[in-house]
Amino acid sequence: MSIQPANPPASGTAPGSEPILQARGVTMRFGGLTAVDGVDLDVAGGEIVGLIGPNGAGKTTFFNCLTGLYPPTAGSITFRGQRLAPKPYRVAEAGISRTFQNIRLFPNMTALENVMVGRHCRTREGLLSAIGRGPRYRAAEREARQTARELLSFLDLDRHASAIARSLPYGDQRKLEIARALASDPGLLLLDEPAAGMNPRETLALRETIFKIRQRGLSVVVIEHDMRFIFNLCDRLVVLARGRKLTEGRPDEVRADERVIATYLGTAPGTAEQEASDAR
Amino acid sequence: MTTSSSLSTGQTGATGLTSLSRATRRRLGQGAHPLVGKCLIALGSAAALGSTFLAWTWTTAFPGDLTVTGYPGGNQLITLFLSILTLLALAPALVPGGLPGTRWMAPRGSARLLRGLALANAASTGYVVIAIAWELGGVANYVAGTWIAGASALLAVLGAWLLPDDDHEPAPARPTPRWAQVVVVFVVVMLGLLVADFGVTTGFSEEFIGFCLGAGFAGRGLAASGLFDRFSALTAANRTATGCAVLAAAVSFVFLQSSDAYTSVADNILIFATVALGLNIVVGLAGLLDLGYVAFLGVGAYTAALVSGTAASRYAHVVLPFWAQALIGVAVSVLAGLLIGAPTLRLRGDYLAIVTLGFGEIFRITMNNLDGQSGPQVTNGAEGEYGIPDLRLFGYDFGRPHTVLGHTLGRFGNYYLLLVLVIAVVIFIFARVDDSRIGRAWAAIREDETAAEAMGVHGYRFKLLAFGLGAGLAGLAGTIQGHLTSTVTPDQYTFSSSAPPNSAFLLAAVVLGGMGTISGPLLGASLLFLIPDKLQFFHNKQLLLFGIALIVMMRLRPEGLVPDKRRRLEFHERETAAEEAYEELVADGLDGADGSDGLDELEAGARA
Ligand SMILES: Nc1ncnc2c1ncn2[C@@H]1O[C@H](COP(=O)(O)OP(=O)(O)OP(=O)(O)O)[C@@H](O)[C@H]1O
Ligand SMILES: [Mg+2]
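Note that the protein sequences, when read in sequence, are chains Y and A. The first sequence begins at 1 in the UniProt record's numbering and counts up by one. The second sequence begins at 1 in the UniProt record's numbering and counts up by one.
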């Protein structure tokens, strides 16, 4: 099967220009285990980067370091020229937003409310204005609701707006997580296995959605085990193995890389099934 | 769509208890003509109604004087009222095809309504009949009226159980003009006031128990018939009108009282309920377990008392006007809340519960020790601040009787009106904050703190906000409480005691009533105050009974008496939702996540 060329990035944010994300020597140790070991990553504006690697390679941990969920043991993360403090809400405010490998929606809130929470860091209304409900408050609230509705329809979820998040089909829950992540107007979107549990049709639609997200001027980093999906989607691939960056480059380069093949095929038999089950 | 299905799920919770008897009922009712059931209900209720005009015993030893033939008294009034209600609910069902214009009475089917009402009557009446024999020593105390009352109430229940099930999805409410909706809301709220007034002013245990049994079962019947849902939809559509109606009803309560006897009970309920609502912000909205919450009530009370001019205060020469006392009281409470919260709210899990429990005790012991011997003299130790003068606000002396609208308001009446105002403010704040960016942030923290933080919610700051706001509201209630009781002692603010408010009862009021709701803690606080107050004979076994009641509640109705929409889902749809999600996942996953396919491709690409 031939691999289609990825969509050209939106104008004005050509890859190769000043990177918006610069991660340098990011290291994360859990006791004796070094889950991420001195990983560098640059992401240019409007770029779609794929992060691949076998199970336990440290991909999710790397995301957690980027978003401040884990304060990295060593290394620095610079976003839009500013060093990020390892606090998740600061990172979100700075403009990095993410989804989770194991869906972490607010299960008993409606889809609309979920997205409105995503809007949280772009609104400022405090206690007094919530009680007083002046015109400013009402305008802000209207704007948040409006944005949330737009994002729901962007991801084709309008019909679920007032449904409880938990009651949504699995694939739609994944999309709702993306809508929630987009609500904070991020410059960089981190997707952790967004296609896991999706059927081929949904996966195809997801790819289109990610291209559309790029057209909004965002950069995207995607972790995914579905190789067809990732090779058709990304401008650049980064391969992690045992916490280290194995290689990086254009999809066709990576695909031909001996070491990558060795990493994937060198694992014990049965990994394929395990990986499939893990991807869910 | 989801809302209606979730509403019906809530109903199954309420009717789950009756499902046991449903099989028996079906077997019994199979052969019987529906008219048989209806006739039995009519006959039984009419006879029960009639019996209330007879004597039920021949000695006056039973409280409420049931020896009079000619008019009802004491518990007979409850039977009378429930019989009339049953007959009224039955009337439309007697007309074949239903009486036009009365379908609203039972949107989900009248059988459940009739069963609930008949059961309420039988429980309340049956209780009295048994209590007469029990308390007076035997059936010899029965007269004809007693037998008629008991038998006819049972007859009505038998009839109700012979009724065929007519459960159905409620038809959509017919559109009604706004003014009509407002009128309905006002009328229902005023009826509610009368019922509540009856409960608060019951003069003896038997009457209160009869009232609780009747109101409880009737309430279940009304809920099962879908009438409550219809009414809550109405209130949701007319929020302002509902607020005004409730406020008007609350104010008119004091004008229904001829003496201060029950107004003081109402005052205590209001303070308890105000603090419970404040706690509900912390527990219900932000999801933080606070086991020492009553201390904030104490901080407010002590602060106001210290600057109120009482002789026992170290600062007796400082006499501030009440608004200043309230301001300082609230400020100090908020400060205390922030001081406790700042170091502990960074931790997750159970640490907070332990630290707040400790704080509650530290507060009490500190107040005890600031007596001039164990420490500096500030609070007068165990004797506390006594002789706190009555409130004065804009020249209105709360200690003196005042005549308003031709009605004399006593001391407790004055405080009652102020407390109604305060609780209205608290409810207003609660509702507005809950439905705002802050409320959504709290809900998100409660559901998944990690995800909330990743979405930009500053978890610590918002938890601290909940803690401070809750503390401030409790402190506000405290500033009034000190004046109302005129004495503030450390022992009023313990973790648990046999009388509310204390931290354990406050938490119970929130959890029993319904976390995250407004009416839940109001109902919970009323019940938890009235039950110990009215049933004095329980006194030494109170905490035991209280514990048993909590366990039973948590088994049968973990979401509380008035469940929050979200929490009802949490408790009752968890299993089903998990199963559905899993099935969905498996179905999607089989043709979806194909990691092996990706590897094949990689392999193929590598070979090419
Ligand atoms: N909080 C933690 N404490 C200790 N070890 C951890 C922690 N989080 C991750 N690890 C370990 O770090 C390693 C990398 O895990 P990580 O979840 O980042 O892998 P991954 O590349 O995302 O794998 P997958 O493809 O299965 O999602 C694993 O060995 C994991 O057990
Ligand atoms: Mg992972």
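Among the hints, erroneous ones may be present.
Said to hold, decoys possible - No farther apart than 20 Å at their CA atoms in a straight line, the calculated lysine to aspartate or glutamate pairs in the EDC-like style are these: (1) Y:K87 x A:E449; (2) A:K38 x A:D197; (3) Y:K87 x A:D448; (4) Y:K212 x Y:D185; (5) A:K38 x A:D166; (6) Y:K212 x Y:E258.
FYI, nobody ran anything at the bench for these hints, they're computed from the structure.
When the structure is checked against the list of hints, which entries are broken? Sort them ascending.
2, 6
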